[in-house]
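Undergrad: Each chain, letter by letter, is given below.
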Amino acid sequence: MNTILFFTIYSGVIAFIGLVSLFLNNKKAIQKASPPLSIFIISLLSAAYIILNFTKLKPNAILELLNWEIPFGKLQFGLDSLSGLFLIPLLILTAATSIYGWKYFGQHKQEKGHWLYFTVLVSGMVLVILSRNAIAFIFSWEIMSVSSFFLVITDKTNEKTNEKTMRAGLIYFVTAHFGAALLFIVFFILSNSSGSFEFASWHNLQLSPFKSSLIFILALIAFGTKAGFMPFHIWLPLAHPAAPSHVSALMSGIMIKMGIYGLFRILTFISPYQAWWGMLLIIIGSVSGILGVLFAIGQHDIKKLLAYHSVENIGIIMLGLGIGVSGSAYGYPLIAFFGFAGALLHVINHAMFKGLLFLGAGAIIRQTNTGELDKLGGLIKRMPVTSVLFIVGSIAIAGLPFFNGFISELLIYLSSLFGIIDSSNIPMAFLAVSTGASLALIGGLALACFTKVIGTALLGTEREQFPETVSEVPGSMLAGMILLALVCITIGMGSYFIVPILTGPISIMTGSPNFLNVTLMMNITKTLTIVLFSILVLGLIIALILKSIIKKNKPVKIVNTWDCGYSAPKASMQYTASSFAEPITDYFSIPLNISKKENVDSAFFPNNKWHFHSQANDWILTKILEPFILLIGRFFSSFKWLQNGRSGFYVLYIAIAILFLIVWKFFI
Amino acid sequence: MKENLLPWISLAIVLSNLYIVSSSRLTYQIRGVVVQGLLLSILPLILFPGEDFIHMIILFVMGVAIKGIIVPKYLLKTIQDVRVEREVHPLIGYSFSLFYGVITAGLSFFLINRIDILPDNFSPFHLSAALATAFIGIYLIIARRNVVSQIIGYLVLENAGFTLSLSVAVSQPLFVEMGILLDLVGGIFIMTIAVNHIYSEHESLSVKSLERLIQ
Amino acid sequence: MTNTDLLILSILTVFILGVVLSLLNSKAKHFLYIPAYISGMVFILFIPIGIKTIEYGPYTIMGGNFLFDALSIYHIFLVNFVFLITSIYSIGYFTRHIENHGDFETSFIRRYTILWQTFQMFLLIVLLSNNIGFMWVSLEATTLISAFLIISPSNPLSIEAMWKYLIVCSVGIVFGFMGTILTVVAAQNNSTFLFTQLVEHSDLINPKIILLAFIFIIVGFGTKAGLAPMHTWLPDAHSQAPTPVSAVFSGVMLNVALFGIMRYLSVTDLALGNDGQAQSILLIFGFISIFIAVIFIPLQHDIKRLLAYCSVEHIGIIAIGLGLGGLGTFAALFHITNHSLSKVIAFFSAGHISEIYGTRDMRRIKAASSSIPVWGSVFFISMLILIGVAPFAIFLSELLIVKNAFFDHRYIVTALFLIAVFAIFISLLKHTLGTSFGINNSKITENIKVGILDKAIVISVISVLLILGIWIPGPFKELLNNASLIIQNGVRL
Amino acid sequence: MKIILIFISPLAALIFSPLFSGIINKVKAFISGRKGQPLLQVYYNLFKLFKKGTIYSSTTSWIFRISPVLIFTFTLAATAFIPVLQIHTGALFKGDFILMLYLLGISRFFLIISAMDTGSAFEGMGASREAFFSALVEPVMFICLINIMKVAHTDSLAAALLDPMTSNSIAMFFSAIPLFILLLVENARIPFDDPSTHLELTMIHEVMILDNSGPSLGMLEYAASIKLWLFSLILALLVIPELPFGLLIKTIVLGLIMIIIAIIVGIIESIMARSQLFRIPQIIFGAGVISFLGFFIITTDILVW
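Protein chains in written order, with my numbering: chain A, 1 to 668; chain B, 1 to 215; chain C, 1 to 493; chain D, 1 to 305.
Isolated chain A (complex conformation):
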């Protein structure tokens, strides 16, 4: 069967399931289960289908559906390997989040339209990926934005969060449409040059450097608002915590990647690239990577923290993209190859581990009713499987070996390495070294951040005694997480088998890649896979030796934690997330705009409880954007006397209008 048709039908079927779910009764188990389970099965099968057919995807195949009577050309769909690459994580994540979402709501009332919005979001994203006509693209883009908006505003547990949710929804919707408006312009410029709204006509346009730069900048902002790199990330930390967790997983995991997809797609139209684009991308990437992770460290709400990590990971993708673009611009196919490869692989990887982490966070929130790190603790004993999966996700997101995050970061590092060593071009070398160094810093900080999360939420003792009900989540929720964790490990350990899929999309980006580059990548991943496996074997041997030693020695004793002589350690004595992050947030307190809440009793014999809480406040929204909007609002409201209720004035306006027109048309 034609793959394009297959996925067009897929998007229709998925949306149809959502529509049907409106008429189902949530109180009956089978009816409640059928939408998520059917989405799960269909998506998983489709994922398998596309993975198996990945090499057969044709770059220029087009499916025409309707004879579109809108003056925008034909409604065209296509599926090349660049689209396919984004489709894979989308399908896997859809499967994982849908099965997770089945029982996520538990006792809480599930919103009637939940599965409808969910499926429409998915089918919107599939259509974005498939669209080969600008207007179809914008339409799908809008469908995606609107449905996810509905998903963001579903949470209405109480008055306080509700206000936040509304604000998040508003800001999300507005930024999404800001991007969409710029998107029009981008597509208009392109279609103005080619005379058609069909993507196929946009290749090899031979645009002037100014025009292509204009397209690039506008596209960067337009897609950036969706992708959420700095400074367009404002909606992200608001919207992700507001949505239900599996929706956050879907949004953070793949929806923001649609921005990246768009950027990749636009870049295919405006080659040859210019060097400063790469520089701009690298600057954006490093700023949003570093600031993103720093803000994450300053957050103590688990979902908000994860949201900032999305900003960080988008930054990493931008670094890869940036070095790829500069490699292309300076004429180093090797650098471009690895840069694009890293960026593309990181798209998949981030979808997987961020999905996993959001699902894990959701499981924690569902059971404990809080996402505040400083109220959690010791969950590894109550929710062992979730905790393991969360740790897997954490290692992966920190870019550490054995999991997928490492592979994509390694590819970007390699690109940067080649940029430094192999190129004699000085700007290239500087771009490359800043890419590598930023990546290193981001990696280190991400490690700090996730050790904080794991250390305070999962490990140690419970800060506040949880009720008995706090235990492992249902199997269906675990299944979703396990699916993603398996993908993380598979990519991390078996990179040799995974990276070939990158060659197709890269060839779309750069023209057919040098055979040597592909071989080089294959060789590296091959050795890497072997080395990683041998290290694991080594670890296993050492573990067995240690185990036998411990067994042979005196019996293991279990005692209290030793606290330098203090005999009764209490749960509240543990390091909190705020205190863990304090050195870092202190050091970076200026860009992070840290606010501290300290409650210190300085008497010799303090009676009050000491308390310390710090919070990083995103100043782009509160210090720049909102005052600006307020200013504009004030300016506007200074005109409100125009409608002052006096009919005399109203007639005066008519007279003025007449006089103005007569003067304009006859006397000027």
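Don't read these hints as lab results, they were simulated from the structure. Heads up, some of the hints might be wrong.
Selected chain A positions facing chain C (Cβ under 10 Å, derived; list incomplete) [said to hold, decoys possible]:
#1 I138
#2 I153
#3 T165
#4 G169
#5 L182
#6 I185
#7 S194
#8 Y653
#9 I656
#10 W664
#11 F667
If you want the footprint, here are the derived chain C segments under chain A, 3+ residues with CB under 8 Å [what the hints assert, rightly or not]:
#12 123 to 131
#13 357 to 365
Every residue, glycine too, gets a C-beta built ideally from N, C-alpha and C.
Once you've looked at the hints, dock chains B, C and D against the given chain A.
TA: For chains B, C and D alone, coordinates are given in the frame of chain A:
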């Protein structure tokens, strides 16, 4: 005859404008409107002597009847019915209003003479009178804070429209008739019904009580 | 006598019948249904006329005084449709008011039904007029009739709204009259007052006078159409009138006034030799309207006032579309349907919501979508449609306008348009979000029943807008194309 | 052949790293005028620890138990990327040093979370600092190593370290100094941390392993000394000049340089006081500036040494 009388009638119209704009009492204003209506009714006879005489006579009779008799009577009756305060409360003082009237009249003559876009068979006098009248009508609506005053302003504005329509009276008498019809229906029935409504609701005809809907 | 003459006469008879029936019936419950029957019959009677016009192209009847072409037929169908659904809606509206609130007397409702039908009749006459005099007279008649539709006994402020509507629109209509006269003056060399003839002999028209005439016409008719800065009556009238009246005001009356401007636009443009002067005036007014909406929408707390300013915005958008010409005309015409339909259901739902909450103040309306699921969500969806969210039709028409502006290299127009629409987008959304979602604090115990007809209306309207947003059917596109050609090149028999 | 060479480095680390720590201790004792512990005391300590019983805190989970193994394994594996024998082997794969750094990273990850697992305020404090400082170290480390490779014009760190050009070049200077600072930071030496006590003043590395005991503690101590060995080895390979001798003598010279490094570390530990905590980021930043300056000079060829 046309050449002799027209400037004088135009001047008379302008003077009636000045009278209306500077009157301090509603009844005086209405009197001014009556005079103006009569003057306008004569205009077709002067403008188009001999052409389609019967039609012009009809126009004259209609004008006198409606503008000179029915409309003012109805207005006066309304004022009596609702016991409105007879004093006009101007937003802008009488002397300024008079000044405005003179200035706009002068401006209208100047403008009409200046612009030579109109065909030859158009008299600059009656057009500039029309323009000056329009200025006054608009001014009354804008600057008077009494519902009846605004209606009077509207009538004056309509008179301006009527004056203009006379320029096509020969070729399209229909339009002139429509202008008069507008007076009858729009100016009187509707407006006075509205006045009654306003009075029954607000016990006042000052526009002040009609300034609650803002923004 | 042609078939069309007969049909027109029968339509007239139907209206008269409706009025007579309203006078004869004694019970409010009975004559409430009359407008719905009448508009239904009118709707059906116009179908053969419409088909004939679409098939044979423009033609006139009754001595050339009435004209049927794609443009008028398009508007007529819209008017008939909106009146049909609004009449149906008003049955429920008044029944509720009689039963629950008891604030309408029988005599009021009788007056309402009579005025309602006459209003529709005169609107149709405006649309059919080929004679510029008839057009002006009937437009004036609609003003005078509809002024009394605004008043409702339950609302003291409605008198003020009516007065402002009357005084502002009357002044406008006097200017319209002057414009009409000037048009005749401009064409005096061939002494004509039919649009078809004006178009035919457009080379004989005095360009300067016709431009002056157009200025008067656009200000005069624009007052009625709600173009800023002559829009001032609009928020008052829309907010104070009973809901069905607000709906037809916004959904139909504004379009009809714009229709008059379109007719004159084609004449003026031809007489001026397509130099774009007339269009530039429309463009200016369009932008003033949008920016007035930008300024005032954030300040609104009254849900119906908000919708009124939203109408000002959309009329501005239509004016911009017309001002751009070319494909913009097509987009403007398309936008008229989209705006009318969406605004009508927006008013329906807003009216319902404010009735149930007992206030029009949006600060006191919370979580409408959960407390009144049907109307609350319809309100939200209609607002989404109005702010131009894809895949609904308004998005497409606005996109077409932007595209056209951009492709004409009018980058400033494009930028201003996008900025203004985006600003309105933000503020409308902000208003709507709080109203539609959130925690429901109000104690609404009343069990809200939604009539099956009301449901059918909103579902059909929303699905029509959805379908039009994704796909314009061929015949409809052709109709719009023909109509936009008529605006650009004038109607030629 | 290559496969065997891979195993030589870890093996050497396994055998000699405790000795390296022993030398430092001896130097410190010598300077402070004590006789000090025997040179092989570290071996005895490890041996003793591996024979002891184990105590686990009741708050800990399996993370705490598995971490020592993982830390040890990954640290040991990281040594495989730096050749002890100066035979030009080339990289395992291009960019393998990234894997080396990240192996150290993942071992640090487990060190930190195992410290957090105990739920102790002290260990949390140590973990927090470790996380912060090591995050700052990462980019500096990257630039240092990149500098060396840039001079040698090879994309393998192993090859670059063996390349004699690096020891003659300015890169040596601009990489060796930051590397030495990083060595002290990463291995919790004075002036950044004090490896010899568990007291409150020295709370980075040692405090994190407070609750470990017996074989687990042994593994962690062993891993720490391997890490110190690894850093010293990189430094030694960087500064070793080109010698016209055979492999054996070259290796002996390398050993001598390692001993010199150990002595320098010992001297610094003896004569300096532990600096204030907030100074540490500044010093790391300083190291970063030096290394970046090095990169600037090397890349733009401003100076030809």
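Undergrad: Next, verify each hint and record whether it holds.
TA: Hints and how they fare:
no., hint, verdict
1, I138, "7 Å, holds"
2, I153, "6 Å, holds"
3, T165, "8 Å, holds"
4, G169, "6 Å, holds"
5, L182, "9 Å, holds"
6, I185, "7 Å, holds"
7, S194, "12 Å, violated"
8, Y653, "4 Å, holds"
9, I656, "7 Å, holds"
10, W664, "8 Å, holds"
11, F667, "12 Å, violated"
12, 123 to 131, "violated (count 0)"
13, 357 to 365, "violated (count 0)"
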